[in-house]
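Student: Residue 222 in numbering that gives the first Met the number 0 is what sits at position 223 of the sequence shown, and the numbering runs on without skipping anything.
Treat the hints as calculated values from the structure; they're not laboratory data.
Some clues are possibly wrong.
With a Cα cut of at most 27 Å, we get these calculated DSSO-like pairs of lysine-lysine [what the hints assert, rightly or not]:
hint, residue 1, residue 2
1, K4, K115
2, K108, K61
3, K55, K71
4, K4, K55
5, K138, K55
6, K115, K2
7, K226, K2
8, K115, K166
9, K175, K55
10, K55, K13
11, K4, K226
12, K61, K2
13, K2, K13
14, K138, K166
15, K108, K71
16, K235, K13
17, K61, K51
18, K235, K166
19, K61, K115
20, K115, K55
21, K138, K61
22, K226, K61
23, K4, K235
24, K175, K61
25, K166, K2
26, K226, K108
27, K71, K51
28, K51, K13
Quick list of the computed label-pair ranges, beta carbon to beta carbon [as the list claims (entries may be wrong)]:
hint, residue 1, residue 2, range
29, S124, G91, 19 to 25 Å
30, R169, T67, 30 to 36 Å
31, A40, C106, 26 to 32 Å
32, C106, T170, 27 to 33 Å
33, Q36, N229, 21 to 27 Å
34, E75, L96, 14 to 20 Å
35, R169, K2, 19 to 25 Å
36, A232, G91, 42 to 48 Å
37, L96, E171, 17 to 23 Å
38, V89, K13, 27 to 33 Å
39, Q36, A239, 25 to 31 Å
40, K61, E109, 22 to 28 Å
A virtual CB, placed ideally from N, CA and C, is assigned to each residue, including glycine.
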Amino acid sequence: MTKDKLIVALDVSKEIQAREIVSQLRNEVGGFKVGLQLFTAIGGTLVRELAKNRIKIFLDLKLHDIPTTVAKAAVEAARLGIWMFNLHTVCGSETMLRVVDEIRDVCEKERLIPPKILGVTVLTSSTDETLREVGIDIKTNEQVLRLARLASRCGLDGVVASPQEIKMIRTEIENKRFLIVTPGIRSNEKSRVAKLDSFDDQKRTMSAGEALAAGADYIVVGRPITKSKNMIASVKEILADMENPREESNDGKVLEFSDKIAK
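Required output: the full structure, derived from the provided sequences and hints.
Tutor: As structure tokens, this is what we get:
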């Protein structure tokens, strides 16, 4: 089902806020993302509880440290019962291979369902200029592909990448089961969301329908849903876009839903 491909980001600081979002949307979407903001605020108790209640949790902590530290953190993440988690691919092959091995061993010994392991490529807030600032003198898409290939070779289940790199990864990675999880999704109501949160740091974005059509397995949406006045209505709109992606008109402009209906 299309809704299974939609993950809602619980980018809030209070447990009561997270519970309200989950309560409203648990039957409307495929899962929820818990990131640094919520995890730092309340820890892993809620994650464990939600997982026990068969709610799929993508633990988005973007682990980045020495191999031993990342591997041990990954094992503890698996023990929470999560569905997916991620680490930075720039940790390198030693770290990624270590994580894959330790997750496999612990899950076998403790009879846990192994979580999907995703590699973070280049953050959706980053641009070519961002990479140059930190001494990486190649284009963003080239760096994404380099890191996606490395993640695939190390046995990760997939990567997190912006919508703009989906087709490239699908074309270049031979493993067709390699997952692509895509943040940086902005709905047709982006302008309305911007009034609620004017500092939108996502740079390499795309609509939900466009991302899915390009080959994404899962899309992650936060503010366009959680900051809307009617979260269920926003989810339904995004699901409609996923099922019937926006098209381009003859003059190259993207057609909105109202344009399609009018035609």
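Student: What are the numbers of the hints the structure violates, in ascending order?
Tutor: 5 and 26
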